[in-house]
Amino acid sequence: MNIKFSASVLLLFFTQIFFAQNADNGAKLFKQNCAVCHASHSDQKLTGPGLKGVFDRVPKPADEWLTKWILNNEKLIKSGDAYANKIYNENNKAAMTVFEGQLSENDVKDILAFLKAPPPASKNTPVAQSDNKQTSTAETEKSKGSNYLLIFLVIFVLVVLWISLRNVRIALQNVVNVKTGKPIYEPQSIGDEIKEWLVKNNRLVFVLSLIIVFVGMKSCWDELWKVGVYYDWKTQKGYKPEQPIKFSHKIHAGDNEIACQYCHNGVEKSKHSGIPTVNICMNCHKGIQEGHNTGKAEKAKIYAAAGYDPSTGKYDESKANPIRWIKVYNLPDHVYFSHQQHVVVGKLQCEQCHGNVKEMDVIEQKNPLTMKWCINCHRETEVQMAGNPYYDRLHAYLKEKYKGKRDVKFTVEKIGGLECGKCHY
Amino acid sequence: MNNNTPKKYWRGLPELHQSEEFLQQHQNEFAEEIPLDNSKDEGLKTNRRDFLKLMGFSTAAVALASCETPVNRVVPYVVKPEEIIPGVPNYYASTFYDGHDFASILVKAREGRPIKIDGNELSSINKGKTTARTQASILGLYDGARLNAPILNGKSVSWKEIDAAVKKALSEGSVRLLTSTVISPSLKALIQELSTTINDFKHIQWDEVSYSAIRSAHQKLIGKNIIPEYHFDKAKLIVGIACDFLGNWLNPVEFSREYALNRKVSKEAAEMSRHYHFESNMSLTGANADYRYMVKPSEFGKILVALYNAIAEKTGTNKLADANIQNKTIASAINKISEELIAHKGQSLVVCGVNDENLQAIVIGINQLLENYSKTIDTTITYHLKSGSDSDFLSLVEEMNAGKVKTLITYQVNPLYSAPAFTKFEDAYTKVTNKIHATNYLDETAQKANIVLANHHYLESWGDANPKTGIYTLQQPLIRPVFAAPKYEGTRQFEENLLAWTNKSEDYYTYIRNYWKANIFNLQNKDADFETFWVNALHDGIFESNPTILSEVVSSKENKKEDKKKGNKTNEESPKEKIELSTFASNAVSAKSADFELMVYEKVGMGNGNQSNNPWLMELPDPISKVVWDNYITVSLEDMDKLGFEKMLRQDKDGSIATLELNGIKIEVPVLPQPGQAPGTIGLALGYGRNAQTLKVAHQIGVNAYPFIQNSNGHFVTVSTGVKLSNTGKKHEFAQNQLQHTVMGREEWILREVSLPEFKAKDKEAFNPAAVILTAEGKKPVEEVDLWDQHPRPNHKWGLTIDMNACIGCSACVVSCSIENNVHVVGKEEVRKTRDMFWLRIDRYYSSDMTRKKAKEEGIGYKEMNLEMENPSANPKVTFQPIMCQHCNHAPCETVCPVLATAHSTEGLNQMVYNRCIGTRYCANNCPFKVRRFNWFNYTENWRFKDVNPAAQELTRMVLNPDVTVRSRGVIEKCSMCQQRIQAGKLQAKKEGRKLQDKDIQTACQQACPTNAIIFGDLNDENSEVVAWRKNERNYVLLEELGIRPTVSYLLKVRNVDEPLLDWNEELWYEKDKSEKSSNKEEAHA
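Chains A and B are the protein sequences, given in the same order. In terms of our numbering, the first sequence is residues 87 to 511. In terms of our numbering, the second sequence is residues 290 to 1375.
It should be emphasised that the hints constitute simulated quantities derived from the structure, not laboratory data. One should not assume that every hint holds.
Just a few of them, taken from the derived set where beta-carbon distance is under 10 Å, the chain A residues facing chain B [unchecked claim]: (1) 366; (2) 406; (3) 410; (4) 420; (5) 421; (6) 427; (7) 480; (8) 482; (9) 505.
With a straight-line cut-off of 25 Å between C-alpha atoms, the simulated DSS-like cross-links for lysine-lysine are [as the list claims (entries may be wrong)]: (10) A:332 / B:369; (11) A:385 / B:369; (12) A:495 / B:1275; (13) A:495 / B:1086; (14) A:433 / B:1284; (15) A:433 / B:1279; (16) B:1275 / A:487; (17) B:1275 / A:355; (18) A:485 / B:1284; (19) A:413 / B:369; (20) B:1280 / A:355; (21) A:487 / B:1279; (22) B:369 / A:372; (23) A:433 / B:1275; (24) A:355 / B:1279; (25) A:495 / B:1279; (26) B:1280 / A:433; (27) A:387 / B:369; (28) A:355 / B:1284; (29) A:179 / B:369; (30) B:1284 / A:487; (31) A:405 / B:369; (32) A:433 / A:444; (33) B:1086 / A:485; (34) A:495 / B:1284; (35) A:355 / B:397; (36) B:1279 / A:485; (37) B:1086 / A:487; (38) A:405 / B:776; (39) A:400 / B:369; (40) B:369 / A:117.
Note that CB positions come from ideal geometry on N, CA and C, so glycine has one too.
Generate the whole structure from the sequences, applying the supplied hints.
Below you can see the structure in the form of structure tokens.
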């Protein structure tokens, strides 16, 4: 009996934890699949109706009906279900996506659990934080500027001090000379004095000038390496232009956890990851008309680009005008770079090259994009050969070649990833 | 102190006298004023010193400016079309038909703009292959010379005004529509509909290069007005009479594929077809023949009759009129051919390319004697291409002259350019009130027309085609019209015009769809509903009907027609009195010979000239003469000597200019010596001499050959006798990209060939020996001697093999390569300086009468032998050899590059890195194949190339392949074996997690090649086709003795001739080597 009881308590406990996990998973699934058309905990109508109180509206048992509807609404409509047809007609016969095959029944359960759970708290705090950060970086830049001024001032003061001390020295010398009856010391001009000093200490001068020339050349050389590279290794800061729309990756990819591929959807199919087209923006911003940071001003720019009038909710294609974004990650024309190669085959994460985009309000180049940088990565990154029959022949060859050697990584370099013709043609 | 110097030296009297003037001058640094301001007087804005200052500043400014960040914009779509992913090409099936050439095509589009055309693999005509002209036709889409608005009486107007004007003209009646052959069933139906609304309407079809005699000869002898289907693949013996079926005749892409099928031999399958050819000009087909005979055009008839008689005699049939052939070689050849033809009854094919009814009738007679009909010639399947009628055209001109034509609409023809001189079309044209011309360009006819309708390019239009019985293709637009509102009034496709004039509200797409629903849907039983059928047909671009269903439908239609005819008119339509073959024969034999006979021909690149504004085709070297950007007459070497023309053409020796005169037409035209040109004959190509200024590329290049076309019983024939030729003494600059005619006795290293009997009888060592090299340990095969270590090729080892038996020199690969790899077009002047940029060239070699064997036998010295070897024979054997970078495994170019700009990959490719290259050109110097090209200019920016280079104009730049770098000045470039395609193919396999399949990657040249002469693949893959090819006994590499180990290999040429061809190695090192080896063996035995 005891055992049974404790088992049931345990079960209850686990289901609760499970339930909580379900709601979290549901929230994630909802964001990925439903949020584009439905508001989860409000009445606001986006493309589809808001889902607040949905469990009270639909035919009972609500869970069962909703599961059927979500998985295959077409089937339900065709079956002649009265409420389904009513909803369909109320929404101008705009068909909802059929999720059968994409979502399992358990997934739907999770989503329903999420809808039943209380609405998540809104996140306003991070915005203020990011503002603080921006000001602080500006301050550091300012202080840097004042540093240079300070150095200049110090040098100036030292020079003035040296000249006045020299005069004092000459005056004192002359006082002594007058007293001892020696002839009055005729001061040389400053230039002559420096010359004399230089001649006296010619070895020191030689060494010093050698050092100066060397340092100068070295810094020239370093500067030349940076021509065309908009990235500072030391500060790890890169190209960060002001975009025509104040789009924040932090809000979209960070706070709202929208997957990168949702907008950059060419990344697995093409060499370009793709800049999202305006219709992708409109998927969400038809509903979300006000931003955390910028209010309505920036959204108005999206609507202008799409030719959308938020007051009437209608598109006018003739007024549509694409957004002219500024490209941040620029590669020279003679380089062939393919996103699909790196993301699908190489299984790299976006962050590896683009930095932690989730924390960037303004997108910034986070890597130098030089050939050295590319090649270093090719030298270090292991190729995931196992399980891909394409690499069978290579894999066997490399295993044979490095037989008995320890800690050998089959890197991109080892399969010819440093050859010029792989990227330049 | 001064007093102590007694002597005083002075430099002239002024100094002696110390005049005031002198003293003042003495103070100045320069004796005269410095001409600081003079330069300003000369119209210069700055003087030298200012210039230097300015230069200093500007250099500094440029240096500073170059350090700034360029702002690159990236502009996404507003609403992305679902099927377009930026960076991923889309492919659409469509149809290419310009009134002359037909092709079922697959168009590659990137980000919505078409960039490459290849053949549709589903089409039984194209089988994925194309010709040079089809490949190049894509550039016409972006041609800035195209009309962008319709023109009414010399002014650009709106389409509304045009429609009103045309409708008014049509309402007046007496309308004639002149087009080239219409193969679109929908357009035919539409014209039919239009005709019912107009009083006195006639549709005349006329082809600028006419095939009407084949149709009328078939009509008169067989009772069907057809061009039958020819099966070159079923023919073991082919006899051609001036018929360029590999280059231009009728449907070359189909014929050349079929022809090549029987030419690929190996030891296991050592049978190949034999090809005899009689012609006056050296054509592409003649160059590929096993036996080629030079005859005058006036003798074509006699030869055919003689051939008929010889066969008739041996088979016991009635002979025709006596041909009386004087030339003994020709006579004995005819005897030999007739015997072989009889031996190959039903497996042979005689074709003639002359548009003369008599000749075509005898050809039909011969093929009937040989029982070729229904075996190699199929009359149930017929070509709908080239169904124009020259006699209809002549009666149209008559009507026009009589003032009976009020309105003439011309479409897909340009009669003011292409009508023969004897028709006097230009005079007749002025007598027409309403001259309506539908065209893409402001061409010769458009300049004289009242109303010019600006056409869409075919890649902007809907359409369909029925080129051959049972084959229906669809044409779909790939792009919105390039010239369209609001910037331009825009273009409109011809069919849309007709719809507008018949007051139909539907668009042409709906019209085609409805037509297919009513007429073509019932030709199949696969798809039950029309929607599925339509979507499939549109996706495939082609629908090929099941023959049985087709015959049922066709026969039921024909029955209906016959019933109708019988009901209505009984006597009129009865077949004309059957003309006896003997009548044709006596006409054919009676042709009179003249001192000079002209034969007008088509070039592989230029065709009939409707694409002459295409720089790719202009720069494409003629496969025989290797001349670019030019039109010229070809004259035999013998006649060149007689008339004193310059025979030796070099960069420093210009060609002569002759006067060509015929029936009052007199033109001056450059002369090119052509080995293989029959003495007493002249060749002149069509398609040049365009006289429309808007055609910036083609304007006034060469001369127009159309006026020379003659009338022969109502058929326009390209032969004209009685031409007068004289030397003007003027000079002309030719641009050729190959000046060397022969291989100069280096056959074993470059151009191995063998006759079929030798190939069968001897073993590989005899006709394809491995090169040997003398080492300290005796002679060794080059393969075994190596200065360097072998590098591993662990994954792939790319290889390319070219079958020289299948290569016919058609140059489709050259154009395909240029398009795929953004190869620059440089224009005539640069080609003259040997600065052409082709990554792939086709070397054409003539045989010489002088051989090393002959020199040895006749005791001719080395120098004399070599001098004589430079001269090709009067009727040489011709070999085509495509040469691209050979990707040598021990590449000479790689070892000399000071900056490692060219290096080898682990996949066996010789890679060229443009961004590393500093342009020393050491590599080009060290390349034994001379395949490396240097960018002498920044062709995209330099004004000199603005008109000729597609990469230099904003609009034509659209055609560039975005996956390949456009090279700038100062770097070397060369064949990369389509590296971009290799990488794309590998990536696809990696992504799908599978092994790379054999045919996953095709190079551009391979994809275009109509004869499948090029194969690319992985040499590490034992099952690949390229490995199978390389096991062929014919496989060899060029310049093997250098030990450079090329990755490209060739299959040597086997000619189906009875005479031995192996004299190039019998007397030489190979024999010696063999005896040495055998003596070594004996020693070993002892």
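Hints, one by one, checked against the model:
A cut of 10 Å between beta carbons decides the hint on residue 366 of chain A: the least distance to chain B is about 8 Å, and the hint holds. Checking residue 406 of chain A against chain B: minimum C-beta separation of about 4 Å stays under 10 Å; hint holds. Of the supplied interface hints, the one on residue 410 of chain A holds, with its beta-carbon coming within about 5 Å of a beta-carbon of chain B, less than 10 Å. Of the supplied interface hints, the one on residue 420 of chain A holds, with its beta-carbon coming within about 5 Å of a beta-carbon of chain B, less than 10 Å.
Checking residue 421 of chain A against chain B: minimum C-beta separation of about 8 Å stays under 10 Å; hint holds. The beta carbon of residue 427 of chain A comes within 5 Å of a beta carbon in chain B, closer than 10 Å, and the hint placing it at the interface holds. For residue 480 of chain A, the shortest C-beta to C-beta distance to chain B is roughly 5 Å, which falls under 10 Å, so the interface hint holds. At its closest, the beta carbon of residue 482 of chain A sits 9 Å from a beta carbon of chain B; the interface hint therefore holds under the 10 Å criterion.
A least Cβ separation of about 5 Å between residue 505 of chain A and chain B falls short of the 10 Å threshold, and the interface hint therefore holds. Our distance criterion of 25 Å between C-alpha atoms is met by residue 332 of chain A and residue 369 of chain B, whose separation comes to about 22 Å. Our distance criterion of 25 Å between C-alpha atoms is met by residue 385 of chain A and residue 369 of chain B, whose separation comes to about 20 Å. With a C-alpha separation of about 22 Å, the suggested pairing of residue 495 of chain A with residue 1275 of chain B holds against the 25 Å cut-off.
For the hint linking residue 495 of chain A to residue 1086 of chain B, the alpha-carbon distance of about 24 Å falls within 25 Å, and the restraint holds. With a C-alpha separation of about 19 Å, the suggested pair residue 433 of chain A and residue 1284 of chain B falls inside the 25 Å cut-off, and the hint holds. Among the hinted pairs, residue 433 of chain A with residue 1279 of chain B is consistent with the structure: their alpha-carbon atoms are about 12 Å apart, no more than 25 Å. Of the pairs offered as hints, the one joining residue 1275 of chain B and residue 487 of chain A holds, with about 23 Å between alpha carbons and a cut-off of 25 Å not exceeded.
For the given pair, residue 1275 of chain B sits about 14 Å from residue 355 of chain A by alpha-carbon distance, which is consistent with the 25 Å threshold. For the proposed pair residue 485 of chain A and residue 1284 of chain B, the alpha carbon gap of about 18 Å is at most 25 Å, so the pair holds. Only pairs whose Cα atoms come within 25 Å are accepted, and residue 413 of chain A paired with residue 369 of chain B is accepted, the gap being roughly 19 Å. Simply put, residue 1280 of chain B and residue 355 of chain A have alpha-carbon atoms about 10 Å apart, close enough for the 25 Å limit, and the pair holds.
At most 25 Å may separate the alpha-carbon atoms for a hinted pair to count; residue 487 of chain A and residue 1279 of chain B meet this at roughly 22 Å. A threshold of 25 Å between alpha carbons decides the hint, and for residue 369 of chain B with residue 372 of chain A the separation of about 17 Å falls inside it, so the pair holds. Between residue 433 of chain A and residue 1275 of chain B the alpha-carbon distance is near 16 Å, which keeps this suggested pair within the 25 Å criterion. Of the supplied pair hints, the one linking residue 355 of chain A and residue 1279 of chain B holds, its CA atoms being roughly 13 Å apart against a limit of 25 Å.
Distance hint between residue 495 of chain A and residue 1279 of chain B is fulfilled; the C-alpha atoms sit about 20 Å from each other, no more than 25 Å. For the given pair, residue 1280 of chain B sits about 11 Å from residue 433 of chain A by alpha-carbon distance, which is consistent with the 25 Å threshold. Using a Cα cut-off of 25 Å, the hinted pair residue 387 of chain A and residue 369 of chain B holds, with the two alpha carbons roughly 18 Å apart. Between the alpha carbons of residue 355 of chain A and residue 1284 of chain B the distance comes to roughly 19 Å, so the proposed pair stays at or under 25 Å and holds.
Straight-line distance between C-alpha atoms of residue 179 of chain A and residue 369 of chain B comes to about 24 Å, which keeps the hinted pair within the 25 Å bound. Between residue 1284 of chain B and residue 487 of chain A the alpha-carbon distance is near 21 Å, which keeps this suggested pair within the 25 Å criterion. In summary, the hint linking residue 405 of chain A to residue 369 of chain B is supported, as the alpha carbons are separated by about 16 Å, within the 25 Å threshold. A C-alpha spacing of about 19 Å is found between residue 433 of chain A and residue 444 of chain A, which places the hinted pair at or below 25 Å, so the restraint holds.
Of the supplied pair hints, the one linking residue 1086 of chain B and residue 485 of chain A holds, its CA atoms being roughly 19 Å apart against a limit of 25 Å. For the hint pairing residue 495 of chain A with residue 1284 of chain B, the CA-to-CA distance comes to about 22 Å; that is within 25 Å, so the pair holds. Among the hinted pairs, residue 355 of chain A with residue 397 of chain B is consistent with the structure: their alpha-carbon atoms are about 17 Å apart, no more than 25 Å. Under the criterion of a C-alpha separation no larger than 25 Å, the hint pairing residue 1279 of chain B with residue 485 of chain A is consistent with the structure, at around 19 Å.
Pair hint residue 1086 of chain B plus residue 487 of chain A holds up; C-alpha atoms about 18 Å apart against a cutoff of 25 Å. Taken as a hint, the residue 405 of chain A and residue 776 of chain B pair is honoured in the structure, with Cα atoms around 17 Å apart against an allowance of 25 Å. At most 25 Å may separate the alpha-carbon atoms for a hinted pair to count; residue 400 of chain A and residue 369 of chain B meet this at roughly 18 Å. The straight-line distance between the Cα atoms of residue 369 of chain B and residue 117 of chain A is roughly 23 Å, inside the 25 Å bound, and the hint therefore holds.
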